[in-house]
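Based on the provided sequences and hints, a complete structural model is requested.
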Amino acid sequence: MALWQGFSQQLRKAVPKTAGEVCLTQSRRYVSSSIPRRLRSANRWDVSTKRSVQFPLQGWKLAQRSFSATAHAAHGHITPPKPGEEINIAFIDKDGTRVDLQVAEGDNLLDIAQANDLEMEGACGGSCACSTCHVIVEDPDVFDKMEEPSDDENDMLDLAFGLTETSRLGCQVLMTKDLDGLVVKLPTMTRNLQASDFEQK
Amino acid sequence: MLDRAFVSVNCTAHLSRSAVRVKGLSSRNISRRFSHVASENRPVRVAVVGSGPAGFYAAARLLSKQENVNVDMYEKLPVPFGLARYGVAPDHPEVKNCEDKFTEVATSPRFKFIGNIELGNDLPLSVLKPHYDVILFAYGAAKDKELGIPGEQALRSVYSARAFVGWYNGLPEHRDLNPDLSNGEDAVIVGQGNVALDVARILLSDVDSLRSTDIATHALDTLSKSKIKRVRVVGRRGPLQASFTIKEIRELLQLPSVAFEPIRSDVMPPDSVINGLPRAQKRLMQLLAKGSANDPQTATKSWSLDFLLSPECLNWSPVHPYRLSHAKFSRNELDPSDPFNPSSRVTPKFLSSGKRAEVNLSSSIFFRSVGYKSLPLPGLEDLGIEFDTQRGVIPNDGFGRVKSPITKGETQTLPDGSLIAHLPGLYCAGWVKRGPTGVIASTMTDAFTTVDTILQDLASHNGSLLNAPGQSTGLGWDGIKAVAQERGLRATSWEDWQRIDAIERERGQQQGRPREKFTRVQEMLEALD
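Chains A and B are the protein sequences, given in the same order.
To convert, note that position 52 of the first sequence is 52 in the numbering used here; the numbers rise steadily by one, no gaps.
To convert, note that position 209 of the second sequence is 209 in the numbering used here; the numbers rise steadily by one, no gaps.
Any given hint might turn out to be false.
For lysine to any residue, the following SDA-like pairs were computed, each having C-alpha atoms within a straight-line distance of at most 25 angstroms [what the hints assert, rightly or not]:
#, chain 1, residue 1, chain 2, residue 2
1, B, Lys145, B, Gln390
2, B, Lys373, A, Leu159
3, B, Lys373, B, Leu147
4, B, Lys328, B, Leu351
5, A, Lys145, B, Gly398
6, A, Lys94, B, Gly398
7, A, Lys145, B, Arg283
8, B, Lys290, A, Lys94
Computed Cβ-Cβ distance ranges for the label pairs, DEER-style [stated by the list, open to error]:
#, chain 1, residue 1, chain 2, residue 2, range
9, A, Asp139, B, Ala527, 30 to 38 angstroms
10, B, Pro348, A, Thr188, 38 to 46 angstroms
11, B, Gln522, A, Arg98, 52 to 60 angstroms
12, A, Thr188, B, Pro109, 44 to 52 angstroms
13, A, Pro187, B, Glu118, 47 to 55 angstroms
14, B, Pro256, A, Thr188, 34 to 42 angstroms
15, B, Ser257, A, Asp139, 44 to 52 angstroms
16, A, Pro187, B, Pro109, 29 to 37 angstroms
17, A, Lys94, B, Gln153, 47 to 55 angstroms
18, B, Gln509, A, Ala104, 29 to 37 angstroms
19, A, Pro140, B, Gly470, 56 to 64 angstroms
20, A, Pro140, B, Gln522, 56 to 64 angstroms
21, B, Gln153, A, Pro140, 55 to 63 angstroms
Rather than coming from a laboratory, the hints here were simulated on the basis of the structure.
Beta carbons are placed, not taken as given, at the ideal position from N, Cα and C, and that holds for glycine.
Here is the structure:
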């Protein structure tokens, strides 16, 4: 039980509190990932309520699901990890929210992020031809443990916004047991809109 | 008051959250700005002008971030996707994968595609105004910059790279370019951006390697008869100042049977400088210094990067007056105090005799590729927009708000006493906002920034909507359709595009290609009849 509580505390803040609901949320990605996203709902523009988005809009109902990219039909599949073989990974969202996930070996970070509705684009569909799935590995030691990025990946990273020493393309990082506990940050893609920009001038 | 405006804008009650206040947001503003939308119980209508990556990424963000928004996207061609379809090289199909996402955007019932309508020409922009709350300009860059040298306007052998790219990609505008690639062996491209490298790669590639792409059939025919063997990609400044990116260079260096003429060592930065450069520039310089592994002896074609040369004029053969013979360049020098700074300028190089140092490059075909240029849409001024012809952009505040020419970015007092520095309800994104630079990822980021600004403005800012309260019909395209019909315009819908798309794919499949594009507007429309 203590383990379970610890686990549920790690979940993102929007996740409902009761154990039953936590289970549902946890299983969601496996259920959803097995169905091509395009077919999952008659109207994908229906707003689901699984995520609370902090957006200072008043009087507006926010579409709470991030727009999901392309890749789902072709690339959005992730495999449910076998019991006992889960690999832990955490994404730190653009707004600083940490999302802990358990995934299977062999899935790439772009697919994982998109299957979990994290705001990560994959403009080229995960073919290492753009830099929209740029992630930053938190721990330099873990970065060093990873396989060297290819020339092609580095070429694309060179064009990425906010490139760091530990930057990678999400589509090129495949999860392995060695990467258990990996923490990656999603760089802020859009220019930060400061509150002062919107104050009456 | 706040609650009432909130509920009616929302159409669905979220009363519990409505009590939360956002800084700087007063109930007066909300009611003033939204009362007309709210009382009419209708969504905010956004017109997006242009259906390229900027327009589609903006639409994607608008529709996914905000429920109560409808997007009408206008496109002058019957078919969507702009430069994703007509600019991305046919041998870069993975870059076109962004079209999958755009297609997904179009499945939204709140999205409408209106093709084959050229705003500003077919329909005045002023016709749109009463029916929308926001107009977002994302129409890109329709022209390219000229060199302004004698001979540039020749009808043969001298081309704009933009036109050439449009031609091989099947863009109707350049369908009949018919570049003469069999005039000789030497191609000269002026400009060192990625468009120049795309042109070089298409000229240097084995034509058979292009047969499995969606390159236009007429281009395949012409390229298969090409005699071009050498391509020079010429720049005004040095390697560190060039705007190409490393992926495109690496691709060219790896083209089978194509040799690369090593860059003269005196223009390359020394190793000591290279090693101290930021990562991206360092990797690029190292790659340029390394060159190609292909053996010049066995290579069938070759290319070079030629630096520090400014074009002067074009010269035709004295024997065959219609045949281009060479291009004359004058030499430049980098600022000796800071030659390896990416923003370093060049000055003309003079010989000891005091004359300009010049060089002739043999050239049977010549391309200019010194950047694209946005043009003002006719009628922008009717909306109060003063296009910046110098920079080729719609003046904006960097977040995408169109600046008011009267205030020049300064604040302006609205009749009710509130202050704004931009034109209400008018925004821009993509190349028409920041100039024609950057890859699709940069345009995506840029479009997202603009949309976040629009959403913030709609929620919290004064003077955000195009029309004064009560002055907008909120009908969008439904309010315009009749005018378009009266003018004999035939708009294409998303379903029309899907039919064209299916036919193109089917035609391609028969040849083992992803698609064979229609290359004339007439053909596209006839396919729908």
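- prompt: Which earlier hints can't be squared with this structure?
  reply: 5, 8, 9, 12, 13
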